[in-house]
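Chemist: Given the sequences, and given the hints that come with them, work out the whole structure.
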Amino acid sequence: MRRPALGSLLWGVIPFVGTCLSVPLWDRIDPRILGLPFSYFWLISWLFLTPLCTWRAYRIEAKRDAVYLSDGDASDGGGA
Amino acid sequence: MSASATALTVIFGIVGVGAAIGFYAGSRHKMTLEQWTVGGRAFGVVFIWLLMAGEVYTTFTFLGASGWAYSRGGPALYIIGYQPLAFLISFFILPAVWNAAKKHGMQTQADFFLVRYGSKYLAALVALLGVVCIVPYLQVQLTGLGIIVEVASFGGIGRMPAMLCAFTLVAGFVFVSGVRGVAWVSVLKDILLLFAALFVGIGLPYIYFGGIGPMFTAVIRAHPGHLVMPGATENLGHAWYMSSVLMTALGFFMWPHNFGASFTAKSGDTLRRNAVIMPLYSITMPLMLFVGLTALMVVPGLSNGDLSLLTLVRKTYPAWFLGLIGGAGALTAMVPSAILILTAATLFAKNICRGVFAPDMTDRGVALLARVMVLVVTAAALISAMNSSMSLVSLLLVGYAGVAQLFPGVILGLFSKRVTMPGVASGLVVAAGVVAFLILSKRDPFYGLNAGFVGVCLNFAITGVVSYCTPAEPYRLDGAAAVSLATKGAHES
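So the sequences go chain by chain: B and U.
Read in order, the letters of the first sequence correspond to residues 1 to 80 in the working numbering.
Read in order, the letters of the second sequence correspond to residues 81 to 573 in the working numbering.
One or more of the hints may lead you astray.
As the list claims (entries may be wrong) - List of simulated lysine-lysine pairs, DSBU-like, C-alpha gap at most 30 Å:
#1 U:Lys346 x U:Lys182
#2 U:Lys346 x U:Lys183
#3 B:Lys63 x U:Lys183
#4 U:Lys200 x U:Lys497
#5 U:Lys346 x U:Lys497
#6 B:Lys63 x U:Lys497
#7 U:Lys182 x U:Lys200
#8 U:Lys200 x U:Lys183
#9 B:Lys63 x U:Lys200
#10 U:Lys182 x B:Lys63
#11 U:Lys183 x U:Lys497
#12 U:Lys182 x U:Lys497
These aren't lab readings, by the way, just hints derived from the structure by calculation.
Modeler: Now the structure itself:
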């Protein structure tokens with residue numbers, strides 16, 4: 001068993017705050033951006049921001065994999 | 081040719097091409113149980129992406145999302161909200177699931193529970209919950225197919241005969257091709273859908289309003305409250321949004337077919353990279369909502385919001401184009417249907433029948449029984465579809481509320497050493513019961529919260545308390561399995 005690193009989990013929390021928990025702050029029509037109501041603009045932005053956050057987490061986990069696998073316990077590594 | 085004949089010819093042409101690709105791709109591989117269900121466990125990033133994407137774009141996306149934007153308004157935003165989060169969650173859990181699956185030769189989601197908790201009864205329970213939840217999901221696809229043919233034939237062909245013939249085709253398709261064939265058809269389907277989404281999502285607002293911005297301005301003027309929550313509903317506000325987004329994001333990879341799709345990956349790293357890029361695929365979702373909102377202005381007063389996209393397309397474009405959109409929609413229903421049926425049939429045959437009742441059954445026997453179950457599951461969804469009038473999105477949310485209850489067992493099973501079988505089993509049973517009660521007695525949303533979310537919270541609490549009160553069990557995912565997994569020499573890779 002290997003749990004994800006704290007750093008990657010923190011990157012993972014950001015989109016949850018951005019798209020889910022903060023809904024009372026952005027569920028509004030104004031300001032309109034690019035013609036879109038603010039809520040639409042906000043959620044569409046997160047379709048691009050979420051991969052960025054996940055990619056940061058990926059970098060962290062990939063680095064850990066390299067260390068982990070070189071320690072010899074390859075059988076339990078998160079990646080291949 | 082009349083308009084309806086043109087549209088239907090194009091639709092059946094597209095479906096025919098899709099079916100041919102599936103048969104061809106499937107027929108090139110010898111169909112052992114391992115090939116049929118997990119494609120020999122050899123799919124790389126691209127193929128996995130296609131397979132998972134195949135399960136993202138369903139009729140729910142196509143007709144359901146626009147339908148909710150049309151009939152509900154603001155709450156439909158949850159559809160854009162949950163998808164990136166679902167993939168984010170997969171980043172953290174699927175590689176670990178894949179490792180365990182690879183090590184123990186798992187083929188189904190219930191196998192995971194069997195190995196981790198060492199109980200065939202818990203595994204059968206998980207399989208049963210999966211099959212039960214798949215029925216409404218299948219029903220979504222079936223109803224969607226029915227709607228497509230009904231609208232494209234200008235009402236000439238009723239929804240019932242349309243659903244019947246479409247599902248004969250789907251069932252036949254599943255029989256022959258298995259998971260590999262499905263993944264290839266999914267390529268065709270996604271290209272068509274992407275094209276269709278761009279064309280209608282940008283084109284329709286442009287044709288009627290001169291652009292997406294002016295379309296929104298018109299909607300805001302005509303229906304001032306429609307775009308913010310609770311929109312056209314009374315009780316789907318912010319609490320509902322948050323609880324639904326969380327519940328569906330947690331539930332997404334708890335669908336037995338999505339969970340199982342991860343087994344087809346070549347490595348855990350494939351799944352991680354996949355999780356990074358998948359949210360980009362959701363870019364069509366807002367386009368579908370735009371179509372629903374345009375329809376609200378142009379074809380108001382439809383009794384069923386799910387009809388809005390196709391009705392608007394029919395009104396705007398020539399018949400052959402309606403056929404193209406309808407054909408894309410039909411494949412969008414067929415591919416996920418095939419995957420769902422395949423999963424449900426395998427779960428039933430392997431983890432319920434062999435797992436509990438007939439432990440001596442061979443892999444050949446399981447594969448055979450699974451094929452019989454294809455017909456049973458399809459028939460169940462068909463009957464259910466004929467007797468239901470729920471909107472596509474509401475129907476899917478019911479299924480989600482059920483499968484999300486598997487989340488505590490999976491996440492704690494992966495990352496906690498203290499969780500026990502009685503804990504997970506009691507959490508699952510009580511939560512599933514409470515969710516079923518809330519939904520059937522029309523108490524969903526419950527104090528503004530999604531019933532499935534209430535269930536997940538309760539589930540975690542019960543699992544935690546009961547696990548704490550029962551003796552610790554070994555962590556069975558590392559090292560050799562305590563329970564020998566009933567794959568009986570099926571997996572060699």
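Chemist: All hints are to be evaluated individually against the structure, with a verdict given for each.
Modeler: Results for each hint:
no., hint, result
1, U:Lys346 x U:Lys182, "10 Å, holds"
2, U:Lys346 x U:Lys183, "13 Å, holds"
3, B:Lys63 x U:Lys183, "23 Å, holds"
4, U:Lys200 x U:Lys497, "20 Å, holds"
5, U:Lys346 x U:Lys497, "27 Å, holds"
6, B:Lys63 x U:Lys497, "25 Å, holds"
7, U:Lys182 x U:Lys200, "19 Å, holds"
8, U:Lys200 x U:Lys183, "19 Å, holds"
9, B:Lys63 x U:Lys200, "38 Å, violated"
10, U:Lys182 x B:Lys63, "22 Å, holds"
11, U:Lys183 x U:Lys497, "18 Å, holds"
12, U:Lys182 x U:Lys497, "20 Å, holds"
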